[in-house]
Amino acid sequence: MRGRDATVVMTSPQGVGARLGFRLVGVEIRVEGLVMTYGDVRAVDDVSFTVAPGEFFGLLGPNGAGKTTTLEMIEGLRKPQSGSVRIDDHEPWRREPALQRRMGVQLQSSSFFERLTAREQLDTFGALYGVAAGRTDEMLEQVGLVDKAGVRTEDLSGGQKQRLSIACALIHDPEVVFLDEPTAALDPQARRNLWDVLRTINASGRTVVLTTHHMDEAEVLCDRVAIMDAGRILELDTPAALVRGLDAPVRISLAPGTLSVDDARAIAGGDPVTADDQGTTITTREPSRVLTALAQRDALDGLSVKGASLEDVFLELTGREYRA
Amino acid sequence: MKPFTSLARAMLKGFFRDKMAFFFAVIFPLMFLVLFGGIFTDQGASRTDVIQVGSVPVLDEAPKEVKAYLDESLDITRSSDEKDAVQKVRKGDADAVISQDGDRLVVRYSQADQVKAATVQGTFQSIVQSVNLAQTGEAPRFTLTTDRVEDDSLKSIQYYTPGLMGWAIASGATFGAATNLVVWRRNGLLRRLRLAPIPTRSVVLARVAVSIAIAIVQAAIFLGVGIGLFGLRLTGSWPMIIPLLVCGTLAFMAIGLLAGAVAKSEEAAVGIANFVVLPMAFLSGSFFPLDGAPGYVTAISKVLPLKHLNDGMLDTMVRGEGPSSAIVPMLVLLGFAVVVTAIASRLFRWDD
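Heads up: the sequence lines are chains A and B, in that order.
Plus 434 on top of the position in the first sequence (first one is 1) and you've got my numbering.
Plus 39 on top of the position in the second sequence (first one is 1) and you've got my numbering.
It should be emphasised that the hints constitute simulated quantities derived from the structure, not laboratory data.
Predicted model only: the values in this text are computed from it and were never measured.
C-beta: ideal position from N, C-alpha, C; glycine also.
Ranges between beta-carbon positions, derived for each pair:
| no. | chain 1 | residue 1 | chain 2 | residue 2 | range |
| --- | --- | --- | --- | --- | --- |
| 1 | B | T337 | A | D474 | 47 to 55 Å |
| 2 | B | L51 | A | G498 | 38 to 46 Å |
| 3 | B | G374 | A | P622 | 55 to 63 Å |
| 4 | A | D589 | B | G77 | 39 to 47 Å |
| 5 | B | E306 | A | R520 | 37 to 45 Å |
| 6 | A | G473 | B | G374 | 34 to 42 Å |
| 7 | B | T239 | A | G568 | 24 to 32 Å |
| 8 | B | L51 | A | D581 | 24 to 32 Å |
| 9 | A | D474 | B | F387 | 21 to 29 Å |
Using the sequences plus the hints, can you model the full thing?
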């Protein structure tokens, strides 16, 4: 979690960037009553939300929840069947060049010209937005691809391609950036590396909207998240508030041999206790009472405490059964 | 750099770095030119192979002027084994067996090769007539002078270069447009470009410019190899091939766009393009002349754009026709481009 009070972001029209003293560039996005149907399927069903300038906003949901379709309507790739999207009072589906110059979009990590090097991709996208050639070096630096500048995109790793496609989205210094599952199919190192890039983008005051189905990612990056399923928004709040709202019990695990199961039951009171060769686990809604009692018995070695995560919120909302 | 130039540069680099695309657009058709140029170099000069059995006074004691004709058209070997000689004709090792029985000249030939059979009969018919005439001692009253209508230089290379060049340009433009459309739709670049602040027409125009540039490179290489290696000789209005290949590129790009709009994968796009272009090349006389083809083939060929491209290039490059002979083919190609593009744009999708 970032040490930032997300409610301030929501209420302040200046956004975080301005509050922290950065230049204000982010735009405001207002989505109202968005609907998109494909045949009988309501892919997006009455979706409304507002993204404040400078906010990092996440659209979260399982595959087929309608995240990408929603994002495509916000970007202007699809005209909403009903409802409206406004980015600073422009309707994106009209594809006004003036608005498009303020938007950075990353669609798929493979959206490159064939057989061009990383540098040539950036030069080409730069030319489409009319930016000076010097930006290419800046962007290569920012996403850490300086030593890959002469490598063709086909020969880059998945993480490098993702970073390059984000660099292509940022080449014209946009005020708002849209990212569709930017970390899909990346290994843990590459994901964390990309998170740093995304944080830097947002820290300079840009509005960022991303879709993801990684809960940890949303929890780490986003000021607010909208959890979507079956075309609807189920919850919309800061990750912390969503987790608190779940009122889920905390799991306190003890290493094997630190405490007998009977002692653990005594400490737990009525709370459930499970024991196996991995250790003993107490599941409780009163962690402070249990932890204090454990400390008095000097049983804190090898102890771990796990609270609920956004993933628990997500599973609570969307159900646990597997959907192919 | 403007969006148009940067897009065109990106596409050109992509093409020239794709070794397979370059091979099939340039080297592969060129291989056919080298092959055909080598096979058909001295076509028409071949003499008739004749086996003479026993004494044939008609040939042996022919008058001087007939003798000259004999040397020019016949390659005579002598044999005493008649059975063996006939067997050779049957197997195609020789064209005819010749013997004389009194005043009768006997020619035995094989009907397996009908062209040869006709040549053999015609040749000996005229030998017998000439000898008969010489016997009368009178000077011939009528003489025959032949003159072919084409330029003296019209060797086979003159025919194959325009046809194979037409095929190369047609496949280059079709495959380029088809695969470009499918690849960009599948990798999302088409949608990405749609969100860039550039008009759609700059993307289309860049692709058109690149295809035309590739066609000009193909033509330059073809003409270079044709002239340098095989003695190709261009006639006066050959520069008209440039506007012709521009129109041809537009027509075949339209076919490529249609293939790309219908196809779901790159493989399917290549398959559809092949399915259209290869039979069309045969039916348009790219590989061999259609002079002997049945009427329905010629009728089909008239509605094929490649036939018109080939005709236009033949007329201006090697037949010595004036620049105006390119106008009708150009109009047909442009009309074709307009109609097929209209169909393709109706089937066009930005994403899968």
